[in-house]
Amino acid sequence: MKPNWTGVYPAVTTKFFEDETLDFATFTHNIDEQIKAGVHGIIVCGSLGENSTLTYTEKLELLTAARDVINERVPLIICIAENSTKMAVSFAKEAAEAGADGFMLLPPMRYPADDREILHYMHTVADATELPVMVYNNPLAYKNFVSIPMFKDLAQNAHFESMKESTGDIRYMTDIINELGGRFKILSGVDDLALESLLMGADGWVAGLVDAFPRETVVIYELAKQGRLAEAREIYRWFFPLLHLDVSNKFVQNIKLAEVATGLGTEYVRQPRLPLIGEERERVLKVINDALAKRPVLPQI
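Read in our numbering, the sequence shown has 99 at position 99, and its numbers run on one by one without any break.
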């Protein structure tokens, strides 16, 4: 199913057992609940999916499991985050054969490349298959920045259809639209800037806390697109302390704790990550429990 890059696209967590093996049953249950809540696509093996700790084979296994449970109800996107161009090209080809509908593509990992190197990498990987690509622009976490002149270059390649905007600067979105018009669909990649991004013209939301609160996330998106801003703002303000949990070095552990609280996951992570403990854990649990105690009744959309 071809993605239209519009709406809510959960970046789902990868579920593990305590021994760090893959928990496919919980993984697919969460995806099914996301779709029932009305999301518009699913992204697997992203940053929140602990991509860097997964083997090549595990990523393809997760893709297959997600494909089977989705059963063409929504588009299935897989993240490509590799260290070498050769590996990224190989993975793209295998993922396409395994049933991916599109890619979320990060610039080269670990190496702080220059603009020429980034563009060469992105074009080479995108041209490896016929699938559409969303550029994941997150310079704060990954150091490689895709600038507007670089997006103008990528715009010449039809494989690039959208961007995940994770610079953290809401002003940048307006600059992008002014310079590039509607050439790329723009999806907000920062949970606690999502409503602001939608109001400034974003087409969608690559979301994190949606993994624990799928319906609330979808309702905020739909209300914003319908122009019901007072209702969207009220739910967003309730959601905001939770959304801050996505903007943290331990966002995976935070969101997995929230999934436990809503019955949509487990808190097991893969090392070097470790589960939260002590005061840090109690602080995150308080945010989650305070929100659950005031969980709003959602309006009809």
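One thing to keep in mind: the hints can contain errors.
Stated by the list, open to error - Calculated cross-link-like contacts (lysine-lysine; reagent style DSS-like; alpha-carbon spacing at most 30 Å):
{"id": "1", "residue 1": "K286", "residue 2": "K250"}
{"id": "2", "residue 1": "K152", "residue 2": "K86"}
{"id": "3", "residue 1": "K286", "residue 2": "K93"}
{"id": "4", "residue 1": "K36", "residue 2": "K143"}
{"id": "5", "residue 1": "K225", "residue 2": "K294"}
{"id": "6", "residue 1": "K143", "residue 2": "K86"}
{"id": "7", "residue 1": "K36", "residue 2": "K2"}
{"id": "8", "residue 1": "K152", "residue 2": "K93"}
{"id": "9", "residue 1": "K185", "residue 2": "K93"}
{"id": "10", "residue 1": "K185", "residue 2": "K143"}
{"id": "11", "residue 1": "K86", "residue 2": "K36"}
These are calculated hints, taken from the structure and not from any lab test.
Ascending list of hint numbers which this structure does not respect: 3, 4 and 11
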